[in-house]
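Residue numbers (this note's numbering): 1 to 264.
Do not take every clue at face value.
To be verified - Restricting the straight-line Cα-Cα distance to at most 27 Å, the calculated cross-link-like pairs of lysine-lysine (DSSO-like) are:
no.	residue 1	residue 2
1	85	262
2	198	129
3	209	129
4	180	262
5	85	74
6	85	75
7	197	87
8	85	129
9	197	262
10	74	87
11	197	180
12	262	87
I should point out that these hints are in silico values taken from the structure, not numbers from a laboratory.
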Amino acid sequence: MGLMAIGYAISTQGMDVLMLAPAVFAFGLVAFGFLGMGPVTIAVDSYGPVTDNAQSVYELSQIETLPGIQADLKKNFGFDVDFEKAKHHLEENDGAGNTFKATAKPVLIGTAVVGSTTMIFSIIMALTKGLQPNLLQNLSILHPPFLLGLITGGAVIYWFTGASIQAVTTGAYRAVEFIKANINLESSTKASVSDSKKVVEICTQYAQKGMFNIFLVVFFSTLAFAFFEPYFFIGYLISIALFGLYQAIFMANAGGAWTTRKKL
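Can you make the complete structure from the sequences, with help from the hints?
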């Protein structure tokens, strides 16, 4: 919001003699800057899962319990092992990874919102044929299609939220059912590699299926609304950008809270 406000302030410094609606151009430049940071943001965001998996691999390997492992590592790799220090470093890296994810997600969300806002303004420019007053009056909650579009956009965002959580929850329940039926958690023997792979497969499969169905609904409903009524479509897009911004930030924070709770 701060960057867009700065862009808008600069656009008021006489740029209206060069173009119509210079604020839209200014927002476009902010979106371009955000998108230019994309590779860096994704790289920072990817650090979190890498460190999380590194810690999981260490714990699941149960390397500390292997007899004569320290002497074996000294013989084959030429260094002494300090498992306590290793665990400390893994925890610190995992914490850093969580922090990186927490800082990268708002940037990615901001990129989407600024980009979509610029796109929406561009569509409004085209739809009102250069901001003609007789067409601008349709961008009002007194114009029924526009108001219905606002309501529909908010509804789609909350449907998306519920459907994505449902996809993950269903996969988790299926994984629990498989573990109860096939893995004896009370025994001292380790779970087989094939069983572990099956649990991961179940979780991945349900997450992908759920997200693919959500994508189909959101994509084709948006495409359909564009042909339905232009001002309904604009209201829909504006509502999705606004509701989506705050819901995305809320869900990112909720995800961080969940994973922290799991660790505790």
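Evaluation of the provided hints:
{"no.": "1", "hint": "85 x 262", "in the structure": "23 Å, holds"}
{"no.": "2", "hint": "198 x 129", "in the structure": "57 Å, violated"}
{"no.": "3", "hint": "209 x 129", "in the structure": "42 Å, violated"}
{"no.": "4", "hint": "180 x 262", "in the structure": "20 Å, holds"}
{"no.": "5", "hint": "85 x 74", "in the structure": "16 Å, holds"}
{"no.": "6", "hint": "85 x 75", "in the structure": "20 Å, holds"}
{"no.": "7", "hint": "197 x 87", "in the structure": "24 Å, holds"}
{"no.": "8", "hint": "85 x 129", "in the structure": "66 Å, violated"}
{"no.": "9", "hint": "197 x 262", "in the structure": "21 Å, holds"}
{"no.": "10", "hint": "74 x 87", "in the structure": "18 Å, holds"}
{"no.": "11", "hint": "197 x 180", "in the structure": "15 Å, holds"}
{"no.": "12", "hint": "262 x 87", "in the structure": "18 Å, holds"}
Comparing the model with each earlier hint shows violations of hints 2, 3, 8; every other hint is respected.
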